[in-house]
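Chemist: Here is how the chains run, residue by residue.
Number of protein chains: 2
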Amino acid sequence: MKLKKPTLLLDKQKCLENIRRMKFKADRHKLIFRPHFKTHQSAGVGEWFREVGVDKITVSSVGMASYFSAKAWKDITIAFPLNMAEIDDINQLASEISLNILVENEAAVSFLSGNLHSAVGVFIKIDAGYHRTGIAVDDHLAILELIRKIEKSAHLTFKGFIVHNGHTYHASARDEILTIHNQSLEKLSHLRHFMLQKRVDAIYSVGDTPSMSLSENFENIDEIRPGNFVFYDLMQQKSGACQFSDIALALACPVVAKHNSRNEIVIYGGAVHLSKDFIQDKNGHKIFGLVVELLPTGWGTPVDDTFVKSLSQEHGIIKASDHFFKQTKIGDFIGILPVHSCLTVHAMGEFVVLENNPEKTELKLCCM
Amino acid sequence: MKLKKPTLLLDKQKCLENIRRMKFKADRHKLIFRPHFKTHQSAGVGEWFREVGVDKITVSSVGMASYFSAKAWKDITIAFPLNMAEIDDINQLASEISLNILVENEAAVSFLSGNLHSAVGVFIKIDAGYHRTGIAVDDHLAILELIRKIEKSAHLTFKGFIVHNGHTYHASARDEILTIHNQSLEKLSHLRHFMLQKRVDAIYSVGDTPSMSLSENFENIDEIRPGNFVFYDLMQQKSGACQFSDIALALACPVVAKHNSRNEIVIYGGAVHLSKDFIQDKNGHKIFGLVVELLPTGWGTPVDDTFVKSLSQEHGIIKASDHFFKQTKIGDFIGILPVHSCLTVHAMGEFVVLENNPEKTELKLCCM
Numbered sequence: 565m566k567l568k569k570p571t572l573l574l575d576k577q578k579c580l581e582n583i584r585r586m587k588f589k590a591d592r593h594k595l596i597f598r599p600h601f602k603t604h605q606s607a608g609v610g611e612w613f614r615e616v617g618v619d620k621i622t623v624s625s626v627g628m629a630s631y632f633s634a635k636a637w638k639d640i641t642i643a644f645p646l647n648m649a650e651i652d653d654i655n656q657l658a659s660e661i662s663l664n665i666l667v668e669n670e671a672a673v674s675f676l677s678g679n680l681h682s683a684v685g686v687f688i689k690i691d692a693g694y695h696r697t698g699i700a701v702d703d704h705l706a707i708l709e710l711i712r713k714i715e716k717s718a719h720l721t722f723k724g725f726i727v728h729n730g731h732t733y734h735a736s737a738r739d740e741i742l743t744i745h746n747q748s749l750e751k752l753s754h755l756r757h758f759m760l761q762k763r764v765d766a767i768y769s770v771g772d773t774p775s776m777s778l779s780e781n782f783e784n785i786d787e788i789r790p791g792n793f794v795f796y797d798l799m800q801q802k803s804g805a806c807q808f809s810d811i812a813l814a815l816a817c818p819v820v821a822k823h824n825s826r827n828e829i830v831i832y833g834g835a836v837h838l839s840k841d842f843i844q845d846k847n848g849h850k851i852f853g854l855v856v857e858l859l860p861t862g863w864g865t866p867v868d869d870t871f872v873k874s875l876s877q878e879h880g881i882i883k884a885s886d887h888f889f890k891q892t893k894i895g896d897f898i899g900i901l902p903v904h905s906c907l908t909v910h911a912m913g914e915f916v917v918l919e920n921n922p923e924k925t926e927l928k929l930c931c932m
Numbered sequence: 565m566k567l568k569k570p571t572l573l574l575d576k577q578k579c580l581e582n583i584r585r586m587k588f589k590a591d592r593h594k595l596i597f598r599p600h601f602k603t604h605q606s607a608g609v610g611e612w613f614r615e616v617g618v619d620k621i622t623v624s625s626v627g628m629a630s631y632f633s634a635k636a637w638k639d640i641t642i643a644f645p646l647n648m649a650e651i652d653d654i655n656q657l658a659s660e661i662s663l664n665i666l667v668e669n670e671a672a673v674s675f676l677s678g679n680l681h682s683a684v685g686v687f688i689k690i691d692a693g694y695h696r697t698g699i700a701v702d703d704h705l706a707i708l709e710l711i712r713k714i715e716k717s718a719h720l721t722f723k724g725f726i727v728h729n730g731h732t733y734h735a736s737a738r739d740e741i742l743t744i745h746n747q748s749l750e751k752l753s754h755l756r757h758f759m760l761q762k763r764v765d766a767i768y769s770v771g772d773t774p775s776m777s778l779s780e781n782f783e784n785i786d787e788i789r790p791g792n793f794v795f796y797d798l799m800q801q802k803s804g805a806c807q808f809s810d811i812a813l814a815l816a817c818p819v820v821a822k823h824n825s826r827n828e829i830v831i832y833g834g835a836v837h838l839s840k841d842f843i844q845d846k847n848g849h850k851i852f853g854l855v856v857e858l859l860p861t862g863w864g865t866p867v868d869d870t871f872v873k874s875l876s877q878e879h880g881i882i883k884a885s886d887h888f889f890k891q892t893k894i895g896d897f898i899g900i901l902p903v904h905s906c907l908t909v910h911a912m913g914e915f916v917v918l919e920n921n922p923e924k925t926e927l928k929l930c931c932m
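If you read the protein sequences in the order shown, they are chains C and R.
The first sequence begins at 565 in the numbering used here and counts up one residue at a time.
The second sequence begins at 565 in the numbering used here and counts up one residue at a time.
Please note that a few of the clues may not be correct.
Pairs involving identical chains hold if they fit within one copy or between any two copies, as the list cannot separate such chains.
Stated by the list, open to error - Straight line, CA to CA, 35 Å or less: simulated DSBU-like cross-link-like pairs of lysine-lysine:
1. Lys-822 - Lys-638
2. Lys-620 - Lys-568
3. Lys-873 - Lys-762
4. Lys-638 - Lys-566
Just so you know, these hints were derived from the structure itself, not from any lab.
Remember, predicted model here, so these are calculated numbers, not experimental data.
Using the sequences and the hints, build the whole thing.
Modeler: Printed below as a string of structure tokens:
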């Protein structure tokens with residue numbers, strides 16, 4: 565394939581290994597594996613999950629649920645608080661597949677009671693420390709009250725509790741991730757103990773990729789829903805959740821200019837391709853991507869002392885080592901490992917799959 | 565129109581006023597007005613420019629040029645350094661319209677000399693202080709050398725110099741913007757003086773929205789290429805380049821949760837809708853958007869002491885005043901003024917036009 569402009573490359577082998585590794589872990593711990601499909605948003609990648617036996621998935625919007633439902637996924641959890649304005653689409657989905665939705669307040673449950681026409685499973689969003697959404701994990705009475713309300717509604721079946729410890733994404737080391745995860749499990753075990761006393765049976769579902777990648781402790785957990793692990797990215801690598809060699813995506817970008825006086829390389833590849841998420845190095849420099857050399861069937865390890873220092877709409881500016889600056893020519897294509905693969909995939913809307921055989925397939929994202 | 569999910573609203577009246585104001589300024593100063601279409605990327609908004617007499621435009625990619633060429637725009641400058649890999653598309657465009665491209669190095673000129681089949685106008689990118697791309701404005705000899713090389717090439721016609729002072733976007737006050745602009749003009753006047761001595765006739769083209777909005781000094785300038793002004797955004801408002809009332813876009817978002825203990829409102833509206841650009845308030849808090857109340861034909865001024873404090877893929881978290889927290893209900897739609905309209909428009913891919921009459925039209929973005 566001849567590259568023309570910024571193109572997102574997917575290394576199929578790395579991706580398959582990431583999928584298999586997580587599937588094996590789920591099996592080893594006897595966990596329901598319900599991977600989050602918001603990172604790849606692709607029917608084609610979805611099939612790779614299906615091939616290892618996955619039949620339950622998580623998505624983050626009603627539109628994504630509709631897309632995957634049309635691709636024969638029949639057991640979907642929408643892990644996002646109910647958006648009442650989409651009730652018609654939810655009713656449509658609920659009549660076709662086994663659908664779980666997320667609530668965290670009585671307003672949502674009341675609305676569903678009055679507006680649902682088919683059976684829907686309900687998870688309650690629990691906040692175990694991230695403080696983005698959910699009922700506080702230790703507010704047992706409020707949680708129980710919501711369950712009782714759910715149980716009274718004709719079309720709602722209480723399924724369990726969903727936790728997402730998104731603060732692990734900003735952890736700087738493995739220990740920090742494991743501490744967050746273990747503290748969360750402890751709080752959930754108190755919740756489980758309370759709920760057992762109240763004869764409430766529930767699925768306890770956790771999700772973040774860093775904890776799911778690093779931990780072997782899943783005590784009192786029934787289901788895992790990681791998503792990012794399918795591709796990983798620099799944020800995950802920095803936190804210790806993966807190695808550089810696990811990152812399955814690179815954005816191929818044309819070199820369009822070089823500036824000798826400041827060892828900077830300008831690429832066609834900007835915020836509309838990579839997104840504006842960044843990590844910081846130990847000196848506090850913002851890093852919007854690391855640079856890899858493109859090979860016929862993949863890419864190498866990150867080039868030393870070389871990184872994307874800034875992004876504007878279509879421009880990326882690379883601060884390069886002397887060596888890399890010298891060897892790089894205007895017109896070359898170089899690879900950029902993304903900081904946050906979920907946003908890069910969404911920004912690009914499609915990727916090209918690199919396989920061991922020379923035939924390459926383009927998988928389109930779903931339209932949302 | 566019934567809103568279902570995050571929807572980008574465009575206030576047509578505000579947008580038309582922004583367009584007319586900039587067109588009048590260009591006319592008043594006898595400047596060629598070649599607006600940058602990368603902010604709106606829309607054939608429909610393009611027609612509003614055409615209605616006030618605009619027939620020359622700027623774009624930032626070959627794909628965007630092809631899109632607008634197909635919409636009957638016949639004089640287009642691609643203000644991005646040449647991407648050699650797109651030479652076939654450039655040749656196609658050059659055979660159809662009056663096309664200008666951007667170069668900043670001999671590699672690009674040599675490549676074009678060997679690969680172009682039709683006449684193309686060439687602008688040289690000049691760096692007047694932003695240090696992203698371009699030849700240093702005071703490196704007169706290097707610039708002249710590149711012009712001589714362009715002049716020797718059969719299909720290339722040297723047109724002039726393009727400057728983009730993108731550092732004005734990060735200015736914190738009007739004076740800072742005007743200082744950058746005036747220093748740039750002074751450097752360009754030295755360049756012009758030198759070039760006149762060498763009998764080089766050229767168009768001097770400048771571009772950034774902050775300077776174009778605030779300055780009345782266009783001495784020695786022939787052409788302006790602002791883009792963002794068509795919609796403006798919070799970054800521009802913060803720098804003094806516009807008022808809140810000039811911002812022509814708001815993202816309508818459903819409220820999906822409220823957290824009383826921390827006065828936080830959760831909206832369906834995240835990084836995939838708004839992008840991750842932020843501004844900082846005087847206390848150093850990151851602001852990813854300001855909140856407005858939606859009205860039948862538009863929206864109000866920003867709600868006091870209320871802002872988007874964080875974004876994840878689909879979630880936005882609003883830190884709300886007591887008053888706004890109390891009055892907002894789960895299921896409401898509220899408006900978010902974007903920090904960076906170019907990236908929000910690109911992320912959303914489409915917007916809904918609010919007009920005075922109840923008929924509303926949806927304009928699709930170009931596909932790139």
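Chemist: Hints first: check each against the structure and report whether it holds.
Modeler: Comparing the hints with the structure gives:
no.: 1; hint: Lys-822 - Lys-638; verdict: between (51 Å within a copy, 31 Å between copies)
no.: 2; hint: Lys-620 - Lys-568; verdict: between (37 Å within a copy, 26 Å between copies)
no.: 3; hint: Lys-873 - Lys-762; verdict: neither (55 Å within a copy, 38 Å between copies)
no.: 4; hint: Lys-638 - Lys-566; verdict: between (38 Å within a copy, 29 Å between copies)
Hint violations for this structure: number 3 only, all remaining hints satisfied.
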